[in-house]
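There are 2 protein chains.
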Amino acid sequence: MISNVSLEKAANLLSSAESVLIFPHINPDGDALGSCAALCRALRNENKEAWILLEEDVPGYLSFMDIEFCTQNPGCIMEPDICICVDCSEERRFPDRAEKYNSGRTKMCIDHHATSGSFGDYYYIDGAEAATAQIIYKLLLEMGARIDRSIAASLYTGISTDTGNFQYSNTTPETHMIAAELMRTGMDHVSITVALYQNVSLRKVRLEARILDRMEIFAGGRAVISYVDSSMLQEVSAVMEDSESAIDTLRNIEGVEIAAFLKEKGDAVKVSMRAKSAGRVDEIAVKFGGGGHAKAAGCTLDMSVSEAADAIKKEIISYLEK
Amino acid sequence: MISNVSLEKAANLLSSAESVLIFPHINPDGDALGSCAALCRALRNENKEAWILLEEDVPGYLSFMDIEFCTQNPGCIMEPDICICVDCSEERRFPDRAEKYNSGRTKMCIDHHATSGSFGDYYYIDGAEAATAQIIYKLLLEMGARIDRSIAASLYTGISTDTGNFQYSNTTPETHMIAAELMRTGMDHVSITVALYQNVSLRKVRLEARILDRMEIFAGGRAVISYVDSSMLQEVSAVMEDSESAIDTLRNIEGVEIAAFLKEKGDAVKVSMRAKSAGRVDEIAVKFGGGGHAKAAGCTLDMSVSEAADAIKKEIISYLEK
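Going down the list, the protein sequences come from chains U and P. Each residue of the first sequence is one higher than the last, beginning at 1 in my numbering. Each residue of the second sequence is one higher than the last, beginning at 1 in my numbering.
Same shape as in the complex, but just chain U:
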């Protein structure tokens, strides 16, 4: 935990401000947007001037959220009392808004990502929290804000997306305690679940069916590999992004310990790898100049998809034989 301010002091600062400009990281996910939306709504409920400043449109899959006060206009507040970045603690994660952030009379930062150092005038960064939404929840309690249904739904979305809906190892007893409190407001968790997990685009479903059709099981069923290339994308009018979750489906196959997924990108091949329980895929990725975590790692190979597949398979087999 890196912090030079208590949540109580941070709450006091926000309560004393009249205008607050809120900065999520670029390409905001459910936790970034949910945390910002909850804070913004709570400040608005206190009749403060508050906006969320983005540098892109809200992603379509998050458009169900409380995004009424999202804007791409840096002039929405001319001289903010407070600029606060939320779920983000590095300037490079809001490149086109850094100047505006630095124009705040007071600069704050609330995050749960482990970061390299301090940031802004006041920072509260706790890597032990499963989601920034959990920190915002506690901050709002310190502010004495009423957690209404809209705020609860935003925080719940943040917690759900960053914990894989309570599945990941970052989920703690406190995560469930907060979820219980949020549900007590009467918020509708089913509509959030439907929006987040039951709205998979048709082209993504079609693409994944093709990826699964082409998968190869090897190493006696302990490993699986598949790929996506430009012709497969064309067949179903998909984009590369539509293949993002395929690696999880591959890893979820019974008996599979290591899954590899290859994406053709021009003349190179981007490789994603996952390990299920015992294995470490970072040890395989480093052999190709890549890296990552024990359970999720990757590398880029300058060769054809079939050459890359052969090379990766060979390395996985050798790793599993150890």
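It is worth saying that the hints were derived from the structure and are not from the lab. Remember, it's a predicted structure, so these values are computed and weren't measured experimentally. If a hint is listed, it holds; no wrong ones were tucked in.
Beta-carbon label-pair distances, calculated as ranges:
| hint | chain 1 | residue 1 | chain 2 | residue 2 | range |
| --- | --- | --- | --- | --- | --- |
| 1 | P | SER230 | U | GLY127 | 47 to 55 Å |
| 2 | U | GLU8 | P | VAL286 | 58 to 66 Å |
| 3 | P | ARG214 | U | SER237 | 16 to 24 Å |
| 4 | P | ASN45 | U | ARG149 | 40 to 48 Å |
| 5 | U | ASN27 | P | GLU46 | 49 to 57 Å |
| 6 | U | GLU241 | P | ALA294 | 33 to 41 Å |
| 7 | U | ALA195 | P | GLU283 | 21 to 29 Å |
| 8 | P | GLN234 | U | ALA128 | 47 to 55 Å |
Now the stretches of chain U that chain P is said to cover, found in silico as 3 or more residues with beta-carbon under 8 Å:
| hint | region |
| --- | --- |
| 9 | 162 to 173 |
| 10 | 176 to 184 |
| 11 | 194 to 208 |
| 12 | 248 to 256 |
Each residue gets a CB set at the ideal place from its N, CA and C atoms; glycine is no exception.
Assemble chain P onto chain U, guided by the hints.
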């Protein structure tokens, strides 16, 4: 709620017994087995004679559970002080064990399924509980039992499976409160998640890829239909059961309001349907002599798969045009 006994009284009865035989329903799922395993382990911790009587092997996907005291031998306890059916309140759901159940000096029943009437000497049936595991949790607290990691893991498995891992509408604030308490024992929710949700059989993955490859989107993207027949099963060495979750994948497609899935069974076709938000599929199913709930219904048609698909599509289109 149908009940002629308080949980306190039920706890006292169990605490006073020396031998307890526990009956889950046939084809036990995660909640049935988890609830039974937790109760059995708690009774064993009190040095009581306790067994779980099954009429089949534990399903492979639940073999990770605490099944040490599962048996198919009705003679494991000759004259049980208490026979208790758990997650089950109808004799027809344990047909081959009903005689043994009725041999208990005291007969009890704990369930969360809405049922037609009373059962046994003492029954506690609360349809408002998301999982029987939630009732067992409260029962164990009344018994003064220590919730150890093994018991917590069994209860967590029950709650997770019956709530779609906290996604279904039956999930309440209390569900999350109990999950928090179970996690506080130090139980490993990640290994349960991996066992339940990250171990999909290869043949199931291959079959689902084929089912998705054959799906047809219609009614302007608001409906989808697909099927499985014997030749598809043969191609990937799958059994009909492996197609169970395909209907959910179909329903989860963005824009789809109604999903239909057809299974060839001999000369007939079994149809499953799902509605996402506004629609009611039971109204469609009744047109074919079937039935079910608003969001999940089905029917059986005595025709070929392609004839059945045409008939179902026609009815769905007509329903959506209303």
